[in-house]
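Peer 1: Those protein sequence lines, which keep their order, are chains D, B and E.
Taken in order, the first sequence gives residues 1 to 271; the numbers are from the numbering used here.
Taken in order, the second sequence gives residues 1001 to 1253; the numbers are from the numbering used here.
Taken in order, the third sequence gives residues 2001 to 2267; the numbers are from the numbering used here.
No wet-lab data here; the hints were simulated from the structure.
By construction, the Cβ of each residue, glycine as well, lies at the ideal position given by its N, Cα and C atoms.
Don't take every hint at face value.
Stated by the list, open to error - One-sided and incomplete, this derived list gives chain B residues near chain E with beta-carbon spacing under 7 Å:
id : residue
1  : Met1054
2  : Phe1056
3  : Ile1057
4  : Pro1074
5  : Leu1075
6  : Arg1077
7  : Val1078
8  : Pro1084
9  : Phe1088
10 : Phe1089
11 : Tyr1090
12 : His1092
13 : Leu1093
14 : Phe1101
15 : Ser1104
16 : Ser1106
Residues per chain, in single letters:
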Amino acid sequence: MKKTTTLFSISLLFFSFIFFWANFQVMDYRSNVSHQLQVSETPIRPGLLKALSGEFRGVVADYLLLEAASFVGGDTKVSETQWGAVVHLLDQSSILDPYFKQTYIFAQGILPWRAQKVQQTMVILERSKKHRTWDWRPGFFIGFNYFYFFKDYEKASLELMEAAKVCGAPVVLVTLASRLASKSGQTSAGIDFLTSVYEKTEDEHTKIVLQKRIRALRGVLYLQSAIERFRAQFNRMPDTLNELIATSIISAIPPNPYGGYYALRDGKVEF
Amino acid sequence: MLIRIDEISKTYSKGIKGRKPAVDKLTLEIEKGEIFGFLGPNGAGKSTVIKILMNFIRPSSGSAFIDSVAVDDPLARVAVGYLPENPFFYDHLTAEEILFFGASASRMNKAQIADRIDALLEQLKLFHVKKQPLRTYSKGMVQRIGLALSVVHNPKICILDEPMSGLDPLGRRLVADLILNMKNNGQTVFFSSHILSDIEKLCDRVGVLNRGRLLYCGSVGELVSESDGLERAFIQCIEKDERDCHGSDLAAR
Amino acid sequence: MGQIWLLGKITFKEGIRNRILIGILFFAILLTVLNLVFAKMFTYDLSKVSVDLGLSMVSIAGLAVIFFMGINLLTRDFEKRTIYMVISRPIARWQYVLGKFLGLMLMVATSVATISCFAAGCVKTIAIYAPAYVPPNYSWTIFWLSVCFAFISLLIVTALAQFFTCVTTSSYLALLLTASSYFIGQNVEMVRKMLAGKDEFSSLFIFVVRIATWIFPNLSAFDIKTAAAYGLPMEVTSMGWVAVYGISYLFIILILTVFIFQRRELG
Chain D
1 MKKTTTLFSI SLLFFSFIFF WANFQVMDYR SNVSHQLQVS ETPIRPGLLK
51 ALSGEFRGVV ADYLLLEAAS FVGGDTKVSE TQWGAVVHLL DQSSILDPYF
101 KQTYIFAQGI LPWRAQKVQQ TMVILERSKK HRTWDWRPGF FIGFNYFYFF
151 KDYEKASLEL MEAAKVCGAP VVLVTLASRL ASKSGQTSAG IDFLTSVYEK
201 TEDEHTKIVL QKRIRALRGV LYLQSAIERF RAQFNRMPDT LNELIATSII
251 SAIPPNPYGG YYALRDGKVE F
Chain B
1001 MLIRIDEISK TYSKGIKGRK PAVDKLTLEI EKGEIFGFLG PNGAGKSTVI
1051 KILMNFIRPS SGSAFIDSVA VDDPLARVAV GYLPENPFFY DHLTAEEILF
1101 FGASASRMNK AQIADRIDAL LEQLKLFHVK KQPLRTYSKG MVQRIGLALS
1151 VVHNPKICIL DEPMSGLDPL GRRLVADLIL NMKNNGQTVF FSSHILSDIE
1201 KLCDRVGVLN RGRLLYCGSV GELVSESDGL ERAFIQCIEK DERDCHGSDL
1251 AAR
Chain E
2001 MGQIWLLGKI TFKEGIRNRI LIGILFFAIL LTVLNLVFAK MFTYDLSKVS
2051 VDLGLSMVSI AGLAVIFFMG INLLTRDFEK RTIYMVISRP IARWQYVLGK
2101 FLGLMLMVAT SVATISCFAA GCVKTIAIYA PAYVPPNYSW TIFWLSVCFA
2151 FISLLIVTAL AQFFTCVTTS SYLALLLTAS SYFIGQNVEM VRKMLAGKDE
2201 FSSLFIFVVR IATWIFPNLS AFDIKTAAAY GLPMEVTSMG WVAVYGISYL
2251 FIILILTVFI FQRRELG
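Taking the hints into account, I'd like the entire structure generated from these sequences.
Peer 2: This is how it looks when you write it as structure tokens:
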């Protein structure tokens, strides 16, 4: 008895040592590699997936979302095909459970910014909007994407109007929508729009991107008011922005945060 | 001496018995070549003693030896054949396979196993079903297979827990013959039972157990001569103990 | 060693006679049918789907063997007292634990071998009839490597099942605990990664998850189905470490089982 006990204690210690060592090695190696294996983009049609997951549809949806989230959460560089897999996972998850808020918030927070997958995000948002009739945010985000990525102010305004109709939507949406629709107020409305989104954003990367755009729009606003003053003074539009400096209406053209210069085209300032 | 039990006590840690020991400082010795019967009412601790001998449970204090080897050494069981109270086996195996396992696990010489199994099954009238899985067996047949399993390797000592329970008269006769056969071969048998007629017929010595204590240990003749018949002697013995030591009579239990 | 082998052999025989072969065959047929169905449903990467399906089926069939047969076989020893038949022989407790494990290991191995051969057959058939669909880097080495890793992971689950059986001696509890350990083992790494570098979770929660990664086996490390399906390159040393990790974990669990079982009373 005594002898066996000692023997087992020694072997336990031995294997524990190996186990600890191996576990550190495995953790180390899997902190980089496993991501490539983790995103399992199963090429299953959503309808079939729905049938296969049966009554566990909700859990499967949560699981797919979790898998996508853990993938994106890692620090590794994500390749184009991997982004495709993430989009696919989120899409499947949203089909399985179109009511889940986490899905569209996550999609909107990551996909358009880091993967330039605006079109795919819109699909997920539309699905959420259709099902979450009590929620104004999907519509709001759709409007924002029209505004920001597609620069389609009319569509954005329409979407915002619709979102504003949802019970509990902030009143600001209506004013924002009407200002976006009217040509004169577009730029300042855009700044307000961006600022409100900026305040709600947590992702640092997205915040930087948004701030850049706000700075650019502030520049546009500044130049537009300068053009107005030019017109009041000379009763014509300036041909170039440099004319504003030449006539000392402004002292300098603000730097374009996107690099390059602001340009004047058809009486509108572009960046 | 083949079995030596030295001041063994066993108290189960949980249960409603109020921590009364199931076995209380029991000392017992069994000599080579004898048939020892272990008597006692239900719950007297017979099975507990046997399980301690087989190292299924460990005594709270005291020690036990089989053939001078402490029972917690697996090698003590090389010399032992054991039949549990209600034997159950892997019931998809055949009689042949299970006996082969038993014999080889007890380190029997491989060359002799097949012949031994056939002879034993013949003796227990099970030869015709030796290739059938055990789940097709009746209760009596299972009991007989259990007996065959306990003696297949010709053990020096056979420990049988209630070998007669659940058997018809013919089956009991078979078991009795087997036990006497072993005695003639110089093997030792230690068995518990509450079927007194079997004990009277087979045993050289008996031990009477009540509430974990050994009341009597000696030859059957002496016990019987004090009153007429083993049954009377047994009941008197238990009743006396209940009156003297526990302040209640048997009927009240 | 002889005693362990004897016990392993009768455990295996008992399991095989107990309709386990029918179960394995059922999975093999299911696999073939699903392969046919899926081959009709997908247009791309047909052999990838087939590999996925085959390897998943290897795992599922193995798990079914453990959960429906293995645990039953283990707890029956305690519930029906068939264990007396074994340990009344000169078989030490540690030999009993290892012998039982050997028997279950043989059962799982039979299942894995049968299903993986079926799976390989299906993949081969698809590769012959639809050669254009085979991923360019596809390699049989990785396919069989994946089968081996699935086998290691199944053995870990088996050892856990045996451990829980020895602790609880109740088939229901053992089943429940083994199943939970399996699910935790599959997902613990993912959860840990999600938490890494995020400070919005409480430190207690992170601590619990970190402890869990050490207690439960990281079963997702053994899952290289995707790599097998696309023939992705594998690093030899890292896979070696995963194997060492799994086997050392297996031995630790077995030793703990022996420790507990040594002290167990079988009244």
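Peer 1: Next, verify each hint and record whether it holds.
Peer 2: Going through the hints against the structure:
1. Met1054: Because about 5 Å separates Met1054(B) from the closest Cβ in chain E, which is inside the 7 Å limit, the hint holds.
2. Phe1056: 4 Å, holds
3. Ile1057: 4 Å, holds
4. Pro1074: Holds: closest Cβ of chain E sits about 4 Å from Pro1074(B), inside 7 Å.
5. Leu1075: This hint holds: Leu1075(B) lies near chain E, its Cβ roughly 6 Å from the closest one there, short of 7 Å.
6. Arg1077: Since chain E brings a Cβ to about 5 Å from Arg1077(B), closer than 7 Å, the hint holds.
7. Val1078: 5 Å, holds
8. Pro1084: Check passed: Cβ of Pro1084(B) comes within 4 Å of chain E, closer than 7 Å.
9. Phe1088: 4 Å, holds
10. Phe1089: 6 Å, holds
11. Tyr1090: Since the shortest Cβ distance to chain E is 4 Å, the answer is holds.
12. His1092: Since chain E brings a Cβ to about 4 Å from His1092(B), closer than 7 Å, the hint holds.
13. Leu1093: 6 Å, holds
14. Phe1101: The hint holds - Phe1101(B) has a Cβ within 7 Å of chain E, the shortest such distance being about 5 Å.
15. Ser1104: 6 Å, holds
16. Ser1106: 5 Å, holds
Going down the numbered hints, you'll see the structure goes against none, and every one checks out.
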